[in-house]
Amino acid sequence: MSQLSGYRPGETPVGVKRRKITPYLFLMPVLVFFIAFYYYPFLRTIFTSFAVTDASGQFKKLVGLKNFQMIFNRKDFGTILLNTLRFVPMIALPSLLLGLLLALLANRKAIHASRLIETMFSLPMAIASASAALVWALIYNPVIGVANFLLGTNINWLADDHYAMVSVAVVTVWLEIGSNFIFLLTALRGVPEELVESARIDGANGWKEFFHITLPMISPTLFFVIFMDVMSSFQAFGQIRILTQGGPGIATRVLVYDIYLEAFMNYRFGSACAESLILFAMMLAITMFQFRFENRGVHYA
Amino acid sequence: MRNRMPALKGAVCIVLGFIMIFPVLYALSISLMPESFIASYPPKFLPLRPTLDNYEKVFQTAPIVRFVFNSAFVAVCIMGAQVLTSALAAYAFVYFDFVGKRFIFIAILATMMIPGEAIIISNYLTVASVHLLDRYAGLILPYCASALGIFLMRQQFLTVPKEFKEAATMDGCSDTRFFWLVLMPVSLPAASALAIYCFINTWNQYMWPLLITNSTNMRTVQIGISMLSFADGMSYGLIMAGFILILIPSVVIFILGQQRMVGGLMAGSVKG
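These protein sequence lines are chains A and B, in that order. In terms of the numbering used here, the first sequence has 64 at position 63, counting the first letter as 1, and numbering is strictly consecutive. In terms of the numbering used here, the second sequence has 725 at position 127, counting the first letter as 1, and numbering is strictly consecutive.
Simulated from the structure, these hints should not be mistaken for laboratory data. A quick note: this is a predicted structure, and the numbers were derived from the prediction, not measured. The C-beta atom is built at its ideal place from N, Cα and C for all residues, glycine as well. Treat the hints loosely; a few may be bogus.
Just the calculated beta-carbon pair ranges, DEER-fashion [to be verified]: (1) A/R293 / B/G770: 45 to 53 Å; (2) B/W778 / A/L63: 45 to 53 Å; (3) B/L854 / A/I251: 25 to 33 Å; (4) A/K21 / B/E761: 51 to 59 Å; (5) A/G250 / B/D695: 57 to 65 Å; (6) A/L44 / B/R733: 32 to 40 Å; (7) B/A609 / A/D161: 50 to 58 Å; (8) A/P193 / B/S727: 42 to 50 Å; (9) B/F635 / A/L216: 42 to 50 Å; (10) A/P193 / B/F616: 26 to 34 Å; (11) A/G65 / B/E654: 33 to 41 Å; (12) A/R201 / B/G770: 34 to 42 Å.
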């Protein structure tokens with residue numbers, strides 16, 4: 002690095018000074034965009050959460066913690082929080098397990114057409130939550146949809162209190178499996194063959210080998226995949242808006258959907274911003290919890 | 599136990615694969631059926647007499663070509679901008695020493711922790727106040743830089759031997775020339791991984807374009823097609839035809855770039 006910060010052969014002090022600002026010039030575009038569309042809006046969200054605005058979002062006056070008070074006094078807010086928190090494990094767990102199962106199945110060299118299988122397993126990665134919801138809306142249609150037909154049931158999936166949340170979760174799990182599968186498959190392929198071989202020579206059976214060799218080796222990827230799943234289930238929006246609009250009643254209304262309604266249907270930007278800070282705090286808390294767990298449970302080679 | 603029944607395992611995989619992509623095949627099949635056939639009970643899986651009527655109708659009902667152009671234009675702009683801004687920033691982080699380097703790097707990574715919802719309302723208000731609602735600029739500008747992109751490019755640049763830069767500097771190659779003529783060409787795989795990821799993400803965007811576009815002509819594919827389902831009396835066949843049409847570009851790019859994208863994302867996110 003001394004080469005880079007010192008004088009170049011035959012260079013004048015002016016040249017060095019010019020080079021001192023060079024890195025800042027390279028950083029400039031990113032910093033401009035980040036200030037305009039990340040840092041400033043984040044501060045503005047914090048500020049607005051303590052304020053009342055008019056219907057077009059213009060600041061009217063500061064109201065202290067009133068927005069937060071109002072939110073926690075809302076009768077439906079408990080249900081919304083509960084929905085949000087229930088939704089996360091409903092998505093993260095099945096999509097992790099199914100993704101891992103598919104990755105273990107596909108990670109066999111003896112299988113022909115493995116490229117085709119990989120593509121089929123990971124395809125949902127390329128599909129938007131909004132368009133996926135359009136297809137699933139038809140699948141769930143109580144009369145002409147195939148869900149009832151195949152299961153031999155007679156359920157109004159999206160309009161029934163008991164099933165709406167599960168139905169939305171199934172769509173979300175389907176969307177998540179693809180990326181879980183592909184990341185875990187890549188991790189499995191990175192497990193050194195010799196390690197598995199030597200374990201087998203030592204007499205490890207399939208399960209032992211899996212829990213003592215494979216699982217620890219892929220734990221960084223498992224951690225990453227869980228992290229991504231949790232984040233995206235907190236932020237699910239397209240599928241909820243298209244499938245249920247948060248209904249029936251508020252059975253599938255999660256925090257993100259409520260923020261959307263508060264800001265863009267009720268034009269209460271102050272309380273919408275306060276809610277998004279609550280969401281931010283929840284995500285931050287869970288992330289910190291996950292990283293503490295990572296220190297103990299994840300093995301980095 | 600491992601290789602006893604490869605054929606059976608292969609067959610299991612194929613069956614599971616078809617279950618995974620069933621919703622897509624189902625949509626394709628429905629899009630080829632006439633409406634009366636779709637609406638009859640019991641539900642049909644395959645069209646008796648495949649027809650392209652729904653595709654014809656969807657082009658007449660909605661300006662699909664315009665939606666596709668909007669999304670493609672926005673996605674290409676964001677893709678180009680993100681790759682460029684990310685690479686430039688990563689270049690500064692990897693090859694230069696400067697005051698505040700660590701602080702700026704952490705400040706950039708910290709944006710990954712801010713969920714979209716915590717800034718989307720403020721961004722909407724910002725974009726509205728500078729009169730960019732319903733404009734391409736409003737769709738593009740907020741996504742021109744990303745922490746993930748910077749991180750991925752940084753991880754890539756770290757793998758390029760430092761001697762390249764030293765040798766180039768000795769030969770009198772300027773910082774900018776080194777970036778364009780040496781660094782970017784050897785980093786093409788990582789840059790294209792980022793580009794593919796960016797394109798698919800933007801193509802599939804829903805909330806932001808939903809909020810800031812208003813006129814039919816500015817709608818992106820996801821908004822345009824999902825609006826079909828909110829309109830009264832819209833047929834499922836038509837909606838599925840729209841779904842298949844807008845799925846083709848992202849699936850083609852995904853299949854072509856899958857291997858590369860995954861490799862690139864893995865390098866950045868796990869080994870980092």
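Tested hints:
1. A/R293 / B/G770: 45 to 53 Å: holds (51 Å)
2. B/W778 / A/L63: 45 to 53 Å: With Cβ atoms ~50 Å apart, the hint holds.
3. B/L854 / A/I251: 25 to 33 Å: violated (43 Å)
4. A/K21 / B/E761: 51 to 59 Å: Once the Cβ atoms are compared, 23 Å apart, the range 51 to 59 Å for B/E761 and A/K21 is violated.
5. A/G250 / B/D695: 57 to 65 Å: holds (59 Å)
6. A/L44 / B/R733: 32 to 40 Å: Violated, since A/L44 and B/R733 (Cβ atoms, about 25 Å apart) do not stay within the stated range.
7. B/A609 / A/D161: 50 to 58 Å: violated (36 Å)
8. A/P193 / B/S727: 42 to 50 Å: Check failed, 56 Å falls outside 42 to 50 Å.
9. B/F635 / A/L216: 42 to 50 Å: The hinted range 42 to 50 Å holds for B/F635 and A/L216, with Cβ atoms some 49 Å apart.
10. A/P193 / B/F616: 26 to 34 Å: For B/F616 against A/P193, whose Cβ atoms are near 33 Å apart, the range 26 to 34 Å holds.
11. A/G65 / B/E654: 33 to 41 Å: violated (59 Å)
12. A/R201 / B/G770: 34 to 42 Å: Given range 34 to 42 Å: violated, Cβ gap about 57 Å.
Hints 3, 4, 6, 7, 8, 11, 12, counting from the list given before, are not met by this structure.
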